[in-house]
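Novice: This is what each chain is made of:
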Amino acid sequence: MHSYRLTHLKELESESMHILREVAAQFERPMLLFSGGKDSIVCFHLARKAFFPAKVPFPLLHVDTGHNFEETMTFRDELVKEHGAQLFVGSVQESIDSGRVQEETGYYASRNKLQTVTLLDSLEKHKVDCAIGGGRRDEEKARAKERVFSHRDEFGQWDPKNQRPELWNIYNGKKRPGEHFRAFPISNWTEMDVWQYIMLENIPIPSIYFSHEREVFKRDGVIYANSPVMRLKPEEKPYQMRVRFRTIGDMSCTGAVDSPASTLEEIIDEVASSRVTERGSRMDDKRSEAAMEDRKKEGYF
Amino acid sequence: MKDNSTHGYLDMDLLRFTTAGSVDDGKSTLIGRLLYDTKQIFEDQMEAVEAASAKRGNGDVDLSLLTDGLRAEREQGITIDVAYRYFATPKRKFIIADTPGHIQYTRNMVTGASTANLAIILVDARKGILEQTCRHSFIASLLGIPHVVFCINKMDLVDYDEATFTRIQKELEDFSSKLEVRDIRYIPISALKGDNVVDRSERMPWYQGPTLMYLLENIHIAGDLNHIDRRFPVQYVVRPMTQEHHDFRGFAGRVAGGVFRKGDQVNVLPSGFQSTIKSINLGEREVDEAFAPQSVVMTLADEIDISRGDVIVGANNLPESSQDVDVMLCWFNERPLQVNGKYAVKHNSRDARCVIKEVKYRMDISSLHKADGDQTIRMNDIGRVQLRTTVPLHFDKYQRNRFTGSLILVDESTNETVAAGMIV
Chain A
1 MHSYRLTHLK ELESESMHIL REVAAQFERP MLLFSGGKDS IVCFHLARKA FFPAKVPFPL
61 LHVDTGHNFE ETMTFRDELV KEHGAQLFVG SVQESIDSGR VQEETGYYAS RNKLQTVTLL
121 DSLEKHKVDC AIGGGRRDEE KARAKERVFS HRDEFGQWDP KNQRPELWNI YNGKKRPGEH
181 FRAFPISNWT EMDVWQYIML ENIPIPSIYF SHEREVFKRD GVIYANSPVM RLKPEEKPYQ
241 MRVRFRTIGD MSCTGAVDSP ASTLEEIIDE VASSRVTERG SRMDDKRSEA AMEDRKKEGY
301 F
Chain B
302 MKDNSTHGYL DMDLLRFTTA GSVDDGKSTL IGRLLYDTKQ IFEDQMEAVE AASAKRGNGD
362 VDLSLLTDGL RAEREQGITI DVAYRYFATP KRKFIIADTP GHIQYTRNMV TGASTANLAI
422 ILVDARKGIL EQTCRHSFIA SLLGIPHVVF CINKMDLVDY DEATFTRIQK ELEDFSSKLE
482 VRDIRYIPIS ALKGDNVVDR SERMPWYQGP TLMYLLENIH IAGDLNHIDR RFPVQYVVRP
542 MTQEHHDFRG FAGRVAGGVF RKGDQVNVLP SGFQSTIKSI NLGEREVDEA FAPQSVVMTL
602 ADEIDISRGD VIVGANNLPE SSQDVDVMLC WFNERPLQVN GKYAVKHNSR DARCVIKEVK
662 YRMDISSLHK ADGDQTIRMN DIGRVQLRTT VPLHFDKYQR NRFTGSLILV DESTNETVAA
722 GMIV
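Line by line, the protein sequences give chains A and B. So the first sequence is numbered by the numbering used here: it starts at 1 and just counts up by one. So the second sequence is numbered by the numbering used here: it starts at 302 and just counts up by one.
Keep in mind the hints are simulated off the structure, nothing from the lab. Be careful, since some hints might not be right.
Okay, derived cross-link-like pairs now, DSBU-like style, lysine-lysine, Cα gap no bigger than 30 Å in a straight line [as the list claims (entries may be wrong)]:
| hint | chain 1 | residue 1 | chain 2 | residue 2 |
| --- | --- | --- | --- | --- |
| 1 | B | K392 | A | K10 |
| 2 | A | K55 | B | K563 |
| 3 | B | K658 | A | K175 |
| 4 | B | K428 | B | K479 |
| 5 | A | K113 | B | K356 |
| 6 | A | K174 | B | K643 |
| 7 | A | K174 | A | K127 |
| 8 | A | K10 | B | K340 |
| 9 | B | K579 | B | K563 |
| 10 | A | K161 | B | K643 |
| 11 | A | K10 | A | K81 |
| 12 | A | K55 | B | K579 |
| 13 | B | K579 | A | K10 |
| 14 | B | K698 | A | K174 |
| 15 | A | K175 | A | K113 |
| 16 | B | K643 | A | K175 |
| 17 | B | K661 | B | K479 |
| 18 | B | K340 | B | K356 |
| 19 | B | K563 | A | K10 |
| 20 | B | K658 | B | K643 |
| 21 | A | K174 | B | K658 |
| 22 | B | K698 | A | K10 |
| 23 | A | K161 | B | K356 |
To give a feel for the contact side, a few chain A residues facing chain B, derived at Cβ under 8 Å [what the hints assert, rightly or not]:
| hint | residue |
| --- | --- |
| 24 | S3 |
| 25 | H18 |
| 26 | F51 |
| 27 | R137 |
| 28 | T190 |
In this text, all values refer to a predicted model and were calculated from it rather than measured experimentally. Glycine included, every Cβ here is placed at the ideal spot set by N, Cα and C.
Next up, chain B with everything else stripped away, as it sits in the complex (with noise of 0.2 Å):
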C-alpha cells in the first residue's frame, strides 16, 4: 500500500514538517529512509536512482538521490532550494519542506520552516553540536515551530554507544533552554541503516523511546492553531452583481484566528465599524462557523465600505493597530538592509510600505546574543528592526498568531522578496 485507501482518508489529517542539518549529515539519506520505508517509492523512481546510482559508482543504491531535485545537485552532490515531499501512511498525510544545510541557504530554511508544525534538526554523532545546529534551532524557535526533534544520526558510526547519545542530548538540553520552543524531543537513530526511523532498532535497547516515525503519525497539532483570537484578513470583494445575487457582498478570506459563527459581534479594522455576521460561506455550502485555517465568504449585517485588506476581528479582542512596528527580521538578499530605506511590506492581505527606523540589534545566531560591532544586517543575517508603515498594520505578536504576527519585506525596485519579519 502506497498510500491510505479510500476507507478512512477522511479522517487524515496533514502535518508539515522541515528537516534541517548541516552539510553531510545525512538529511537526504534521512527523508530518503522514510519514503523508503513507508513504501512510498515507485518503481521508476528507485529504478531512475539504482541507474543513477550506478553511474556515479557507488556501490550501494543511494537514497538521498531520491530527493535532490535539480541538476545542479545532481551535479555538485548538494541541495540548494527548499524542496517539497510528500508521504502519506494510514494515519497522516505528511509534507516535507526539506531545506539546505549550507550557511549561505539560511533563507530556505526560513522559508521552509515557516509553514512547519514540526522541525527535525539532525545532529551527526561523531560531531555533537555545530554552529549550524544552533543556527537551526534557532530559526526553528523564532519561526515558531511548536515541536522540534533533534535526531542524533550516524549512531552506527559510535558503535550505537549509549553514552555519546546522552552527552549530545545534554548539550542540546542546555542549549534549547534559551529556545521558545514547546515540545523538545531527542532520538538516536542512523537513516543510512534504518534504526529508529521507522522501525525500531534492535542494536539500541538502551533507547526506550518513540521511533520518529512513531513521533511523526502521533504528536498532537491541532491544537498548533490559534482559535482564540478572532482575525479575518479580507482577501477579496465577492460581488457576483446578478439578478439572483443582486445586491450580495461577500468578503472572501482564510480565518488566520479564533471561531467566527454566525451573528458574532465583530469589529472592522482600520475603520472601526461595528456589524454582526450574516451568513459564512464555504462554497456553495453554509455553514454555522468557520475556524483557522479555513477559506471562506462571510457577509455582515450591515453595508459597511470594506476592501481587501481589511481585517474583521472580534468584537472584545483587537489586535495591536500600529504604524511602529517591532521585528526579528531575517535578510534574504545581497544587498545588505539600508538603514533609512524604503520596502514594500506585504501583511496578510495589506500592502503597504515602510521605512526602516533603526536596527536595535543583530543577532549573533551561535551564542544567541546580541553581536557586538558592526550592526548592518546582510544577507542571512537576523536582527531586529524597527519599522514605521504608511499606515497601521494590525497585528498580533508573532508568537501569539503566526499568521497576523508575519509579514515580508520587498524591494521596490527588483521586486525581491528580500526579508521576512516575526512581529515581536
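Bound-form chain A, shown alone (with noise of 0.2 Å):
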C-alpha cells in the first residue's frame, strides 16, 4: 500500500488546471491575459495540460505597451507558433493615438496606468466574458484578498468589500449582461513555486530572466534598461553590467537585479535568499500605499 500524498507543486497544479477548466466551462468567451512573463507562461502550461490532447480552447490577449523588451516579444511569437494559439493583441498606442488616454510626461512617465483602458476595451472588443490572468495572491496585499473567479462590473471595476464568497473548490461565475470575470488560475503560487515547477517541468522562458550584459542606468536605487522610451536626467549615465530581470512588465517600471544567475538552478538559489519581495523592483506599486487597489478597483489585471 503505497501513501496518497502529492507534493505541493502538483497539488497546486492540479487546482490550477481545475480552475482552467472551470473557466472554459463556465463562460462563452474566456481569454488568457498573456504578457510573456513567467507567470502568464505557467499559466498557458497549465492550461495545455488541463486540455491535452486538445489545444487550448481559448485566445490569448497581450495588453501590449509598446514598451516591451524585445526578447519579450521573440519568446511570445515563438510560443503563439509552436503551439498554433490564437494571439490577440491591445495596444497602447492605438488608445494613446485614437485619443482614449494621455500619455504621461516627465522622467517618470509610465504607460502602466495607461492600460487599463486599452484593457478594458479590447475586452469589450473582443466580448470577452472572462480574463484569465496570472496575479498571485503573494505579490501584494490587496491581491491577497481577491477571489479566484473575481466579478467585474459593467465598468471593469472591482469592488474589494462585496466579493462573494468563495468555498471548496466551487466557483460561481454567473454574471449579468456587461459585466465579466476576472480568474486568476495560480492565486495560490507564490513567486518560488513559479520558479521551481519551470524548473520542474522544464519550461521554457525569456533569456532576459537569465543573468545578461546590458546598457543599464540607476534611478531612486533601481536599475532600468536604458532604451529609447526611458527619459534620462542628465545627471543620469547610462553603463554596462551583468543584470537579470526578476519580473517582466513595461520596460518604464521593471527594474533589474544585479545578478549572475544563469540557470534555474541559481535563481531559486537567488529568490531564496533574496531579502525583497519580487515587486520590490516595480515603480508601479512604490506610488502610494494603497497604489495595487487603486489601479484594482479601476479594472487594471
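Join the two chains into one complex using the hints; note that each chain is given alone, in its own frame.
Specialist: Here it is in C-alpha cells:
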C-alpha cells in the first residue's frame, strides 16, 4: 500500500488545472492575458496540460504598452507559433493615438496606468466574458484578498468589499450581460513555487530572466534598462552591467537586479535568499501605500 | 533562507490552515509572528510596516500590519475579509486563510474553513471562552476541518500562569466534546512576545507539548482526503477533433474521492451506464492511477454520452442520488433565506435549481442547541434545511467527503453566492 500524497507543486498544479477547466466550461469567450512574463507562461503551460490532447480552448490577449523588451516579444511570437495558439493584441499606442488616453510626461512617465483603458477596451471589443490572469496572492496585499473567480461590474471595476464568498472548489461565474470576470488560476502560488515549477516541468522562458550584459542606468536605487522609451535626467549616465529581470513588465517600470544567475537552479537559490519582494523593483507599486488597490478597483489586472 | 532551496522541494507537501479569533485576540500579530520568526518577511515589507507603525505613533513595530491588506482595514485597524498568506519552511508550504473575528463576518470564516486542513482558534488567556470561541469551534467542526489547535494567547498578560491555561483547556474540552473534530490540541502562547509560536518558551517550563510551528510542520494530513469512495465529477469534455485524435473523447475532472485505475469498472451517473477505464492522462503523460485531488483526463472503453455535471463512480460503491437533499446551511446574504424560495445550486460541476422546502431548525451556535422561537435564517445564521432540486444530485454526506458533500446556493436575480451547504 503506497501513500496517496501529492507534493505541494503537484497539488497546486491540480488546483490550477481545475480552475482553468471551470473557466472554459462556465464562460462563452474567455481569454488568457499573456504578457510574456513567467506567470502567464506558467498559466499557458497549465492550460495545455488541462486540455491535452486538445488545444487550449481560448485565445491569448496581450495588452501591449509598446514599451516591451524585444526578447519578450520574440518569445511570445515563437510560443504562439509553436502551439498554434490564437493571439490578440490590444495596443496602448493605439489608445493614445485615438485619444482614449493621454500619455504621461516627465521622467517618471509610464504607460502602466494607461494599460487599464486598453485592457477594458480590448475585452469589450472581443466580447471577452472572462479574462484569465497570472496574478498571485503573494504579490501584493490587495491581491491577497481577491477571489479566484473575481467579479467585475459593467465598468470593469472590482469591489473588494462586496466579493462573493468562494468555498471548497466551487466557483460561481454567474453574471449579468455587460459584466465580466477575472480568473486567477495561480492565485495560491508563490514566486518560489512558480520558479520551482518552471524547473520541474522544464518550461521555456524569455532569455532576459537569466543574467546577461546590458546597458543600464540607476534611478532612485533601481536599475533600469536604458532604452529609447526612458528619458534620462542629465546626471543619469548609462553603463554596461550584468543583470537579469525578476519580473517582466513595461520597460518604464521594471527594474533589473544585479545578478550572475544564469540557470534555473541559480535563480531559485537567488530567490530563496533574496531580501526584497519581487514587486520591490516595480515602480508602479511604489506610488502610494494603496497603489495596487486603487488600480485594481479601476479595472487593472 | 526564505523558502526551501532547489534541494528537497520535490518532497514538500502543502498544509492549508485557517485562523480565527475574536476582535483583539491577536490573530494578525500571531500571523505576523509566524512569518517573522520563520524569516519570511522581506526587507521592503518590513520597511513599509516600520514606516506605517511610526506614522500611527505606536512605539513598537506592529507585526499585525504585515497582514492587514485593504485600505479600509488600515484605516479602521481591523481585518474585514479573507486574506490568504503564504510561507514555507524546509518541510512544508503553508497557505493561511486569515479570517476576521467579528460576528457579522462569519461567512468569511466559513469560506476560509472550507479548504482548510487545520484551524487555529485563538483564545485570550484573560477572557477565556467567549461566544465567538464557540462559534468558531462549531464552524470548524461543521466544515469538517480535521485538526483544530486552540492557542491560549496573551499568556504574557497572565504571568504565564499554568493554572489559567489548565482552567481554559478544561473548559474547552468540555465544550468540544459536542463537536465532531478528530484531533484537538491546546497550546499556551504569546504571539506578541513569541512564546511557543516558533520558538519554545522559556517562561512556561510547565508546558511540555509541541510549539505551534512544530505542530504545523508535523501534523499528519495525508489521511485527510477520502481515498475510499471513487468519485470523479466530469468538468469538461475534451474533444480535440484533430487528425491524430479523431475520435478522442476524454473526460476532464478532479478526482473528488477514491483511487481510479486503468481497467476499473465504473458507473456513470445519472445515466447508470457501465464501462471500464481505458486510459488516464495527466497532461501528456499517461498514468496508471489517479487519486484525490488530482486533475486528470479519463477515457472509457465504451462510447457513452457523458457531459459536464455527470459523475463517474466506482461500480460497487455508488453515492446517494436524490432530489431531496438535507443540508446544514450557512447563510451569507442580507436578504434572509426564503422558505419556498427558488435558488440556483452548484454541486461539484453540476448546475441545478432548487426550492427550499423547509427549515428544520436554526442553530443557536453559542449553545450548539436548536434555537427557540423564530426560525428565519438570516445573514450569518446556520440551520438545517431541506432542499428539493430540479434534477437528482449524486452526493455523499459531507462528513464522509468534503467535495461531494458540499454545495452552494446562488440568488438567481443578483447572482450572489448566498449560502454554503453541507449535506447531512
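Novice: Run the structure past the numbered hints and jot down the numbers of the failing ones, going up.
Specialist: Every hint satisfied by this model.
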